[in-house]
Each structure stands twice: as C-alpha cells, then as structure tokens.
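Novice: Below, each chain spelled out in residue letters.
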Amino acid sequence: MSDTKDSRGRAVRKVEPFLEELEAKPFWANLREHKLTVQCCNACGKLFTYPPQGSCPHCLSPDYKWVQLGGQGKVYSFVTYCRAWHPAYEDKVPYNVSLVDLDEGPRLLSNVIDCPPDRVTIGMPVEVVYEDNDGYTLPKFRPLK
Amino acid sequence: MGNISGRYAIVGVAETKVGKRPDASTHSLHLECIKACLDDAGIKASAVDGFITNQPLNDAHRSYAVRMANMARMSPTFATDLALGGATPIAMVQHAVMAIEAGMANTVMCVHARKRGTPDPSPGHPIRHGDEHWEEPWGHFSAVANHAFAAQRHMHDFGTTSEDLAHVAVATRKHACLNKNATMRKPMTIADHQASRFIVAPLRLFDCALESDGGGAVLVTSAERARDFPKRPVAILGMGQHHPHFSLLDAPSLTTLGGKKSSERAYQMAGVAPKDMNFAEIYDCFTITTMITLEDYGFCKKGEGKDFVKNGRIEIGGQLPVNTHGGLLSQAHIEGMLHVTEAARQLRGNEVEPERQVRDAKVGIVSGHGGSLCMHASLILGAL
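Chain order of the listed sequences is A and B.
The opening position of the first sequence corresponds to residue 1 in the working numbering, with each subsequent residue numbered one higher.
The opening position of the second sequence corresponds to residue 146 in the working numbering, with each subsequent residue numbered one higher.
Treat the hints loosely; a few may be bogus.
Stated by the list, open to error - Cβ-to-Cβ under 8 Å is the rule here; a few derived chain B residues that face chain A:
no., residue
1, I272
2, H274
3, E281
4, W283
5, A288
6, A290
7, A293
8, I335
9, D337
10, Q339
11, E369
12, R370
13, F374
14, F391
15, L393
What the hints assert, rightly or not - Label-pair restraints from in silico Cβ distances:
no., chain 1, residue 1, chain 2, residue 2, range
16, B, E500, A, Q53, 47 to 57 Å
17, A, K145, B, R342, 50 to 60 Å
18, B, T263, A, G54, 18 to 28 Å
19, A, K92, B, E308, 24 to 34 Å
20, A, N30, B, M243, 44 to 54 Å
21, B, R207, A, P26, 48 to 58 Å
Hints were generated in silico from the structure; no laboratory data involved.
All figures in this text were calculated on a predicted structure; none of them were measured in a lab.
Beta carbons are placed, not taken as given, at the ideal position from N, Cα and C, and that holds for glycine.
Bound-form chain A, shown alone (with noise of 0.2 Å):
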C-alpha cells in the first residue's frame, strides 16, 4: 500500500507501521519472527504497555528488555467498520476492529480475522496470527480453537 487518492481524490496517507521508531524497531523486527513481544522494566519487573516508551510506565527505569508473550488474550471491546476512510479499505467492509487484552496484561489494538465481524463478542478468547505483508507483518487476532 502506498500514498494514494481516496474515493474524492484527496490524497491520502500510508497505512503501513513506521518501522523506523526508535523505541519500536525491535517490536517490528521481532514480528517478522512471529515472535509478539512486549518491553518489561528490569528495575521493578513489571510489563510495559503499547505503543512502545523509552522508559516503564510504572517506575520511569529506562532499563528493559523484550520478553515473548503467549499470543492470546480476550476481546475487551470491538466494532465493525461499515465505511473505509482510506481506499486500501473499500474492499473489506465491514471489517473487524478490536481491543484485545493479552492475557499477560497489554492491550494491543488489531483485528479478529476468521470469523465474520458479527460473530465477534466481549471476552471471546482469541490467539495471535502473523500476517506477513512486504517489509513488515502485523499481529492479528483468530478465535482459539
């Protein structure tokens, strides 16, 4: 996907993650590996929530270091897109967007695939896929089987 016009020819922005954040390359490069991984504070041991910081949220260390997350979690909240507000999307409404809450703590925004948008409910238990797209790969969500 790149900088492309929407349906009235405004231009419009990517919609790919930006790799090159400082705090949240090694999250992207440890997805390539189908590794979903989270910063953890080496002063107090507590995890770190999403988007990646430069220090914990519960003691300010910037001491951390990623650990591997078990890769499920629980639907919090979820909507369905019926509109796209982006042309990379217009083929895929309605669509599936959640709050998935990994059962080690952090949230991640992503989507429930495998599953029409309107069989998704609050607390459905849900494991991570990779989907590997060209330069980067995004986690998403299916319900556990």
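The hints should help you fit chain B onto chain A, whose structure is shown.
Specialist: Positioned in the frame of chain A, the structure of chain B alone reads:
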C-alpha cells in the same frame, strides 16, 4: 489562593453563523469571533490584555494565539493556545481565570473556531494526534470507532441499545429545531435514527456529530470589573479537569471517563450538587459520549443513562434540559465552544429564542471531552 468560585465572570459572548462557510478561512472565523465578542462586551481590542485560542487542526500555524492577537492588533500580556480537543473551550476559560488570578491579565478573550465543514486550503500540514501508525495498519482511523468501542462496552455491561442512544439524538434535534443558528433543523424520530446507516457499528450516522465551520468566543474578567460591562455577567462557579489516559490501549475504563473526577472537582469548588443544575450542556461528539457523561456527572447511576435520557427528561421543560442549542449532533461541531456560549446565554436569560430558554435558569454545567475519550474539562456557571 482561597476558593475562587464566583470571583470571575463571563462578560462577553459571541458565536458566528455556523454550518458551511466557504466564504471564510479558519483565521477569518477567529477574527469574526473576536469582533463579535468585542461588540457584545462593548470594548475595543486594545482593552483585551489576555488572549487564548484553540490550536486549529487544519490551519497549522504555530503560536496561533499570538498570530490572531496580532491580526486584531491586540498586545496581550498573557497569551497561549490550547490543544485539549473538545475539552479546549472549557480549559480556555479556566486558563483565563488562572491568568487573571495570577495577575498576568485583567480581561481575557477565549476564541475557538474550526473549519471542518468545507475545505480550508492552507499551506501548513494538518495536525494529527500522532499514534496513527499504531492504528491505520489495522484499518482503524476514526473518532467514531473510538467511541464505538465505548458504546459496545456500555451495551455489554449495562444492556444499553442503539435505540436508547437514539433518544439523545432525537432530544438534541428537537432543540436544534428551535435554534435559528443550527445546521440541522428537520425533526428526527427514533425510527429515523434506527434507519440511519451504521458508520462504525454499533454507532450509526445519527449517533455522530456534524462537521462544521464556525466559531465562538467569551470574554472573562473579575466579578468586580464585570459590573462595568453592558450585558448581564455570568459567574464562573466551578472548574475541573481530568485526563485518565491518552491511548485507548491504556484506558482504565471505556464507560467511566475523566468526567467523573472532573465534575466532582467542579461541584466541590462551586459548593453545588447535580440536583442543583437547571440545565447541562454536555459534549456530544457522539450520542454515547452524552450518555456516559450524564452518568459520570452524577445525574443518574452508572448504567442508568439509557433510562435517564427518555421520557422528555433531557428536553427543554424536562427535569434536566441537555444541549439546549442542538449540540454538536445537530447545531454545529465547534469542539464544544458553543456549549460554553450557550450556557452563558441561557444564564443571561434574554438572549436565546424564547422557545428554548430554560425557565429560571440559575446554574448550569458544561462538559468538554476530547481525544480518544481521554481528556475532560468541566465548568459550572451561574446567573448573577
């Protein structure tokens, strides 16, 4: 500093014609507000020594307040522009009070204009909230969806339905029909709302605010100096803010927001309770925002908003008239500036169309809500 409740007042109020204004750029709308507010207060621009504006999204000049002050040939001793989304207009009034209390200015104008109804060709780059690259790759783009997450959760936790939300839209439209300066003046029924298409389910088209051009302004000074102005002053009785998160990924709740703590602080400063309010101008970017805020403000218990908004309770003549001007849903979306001007005009008592004047209006509360449900400001105003 002791309690400042009642020590400051609004002495000038202005709003532009709203809707589609292809004739005016963002800064022209600001200038229109300045002129109208000066005229309303009966003073010249040189008498304004404090000046606050919003930071417009699509006219991205830096130092916007200083730029606008210069265009009106003001030379303020205090100026700033604020960017708290829909909490900005109320925050401007709060900053005006703080600036006067601190001795930095005596007469502070707060101007908020917005041009989203028609294109605003501007050489600057539009301002974004900054985390789009953590949303757009998954197809997440809009404020509608952020509020649809909250609506979905409210429905799940409390049994609220789309039809319950319709009552907010219908009551608000009734008020817009009585306001000559409202964009949407065709009556709406519950069935109309239910027939409107889903934008981001569970929110429908008629759950969503308008996109508008227009602006509003208020002039703030001390209660003492307020007596020198021609119009009836409106006292600033209570103020609060609360910003519990930034991203939805960190939101402690989607159904109890910053409005709870923000309003508690405002009630405490003013020495009043929800039952003392004669009306409420509640930020309504989406119907769900109004319902959650009514609950957070203590007008009903959490989860009971769906019953509170029915049976005419939030209409003019009801127990708590809400959004007596037609709100963002049906009057115009100026990020809540017109909620502030409407509250002030209701309390002046002789300015709005008689059909939508709240009888014996003495005290009212105004809410502002911004960003991904993350920012909140409250203001309690009273008749003097």
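Novice: Hints the structure violates: just list their numbers, smallest first.
Specialist: Hints 1, 2, 5, 8, 9, 10, 11, 12, 13, 14, 17, 18, 21 not satisfied by this model.
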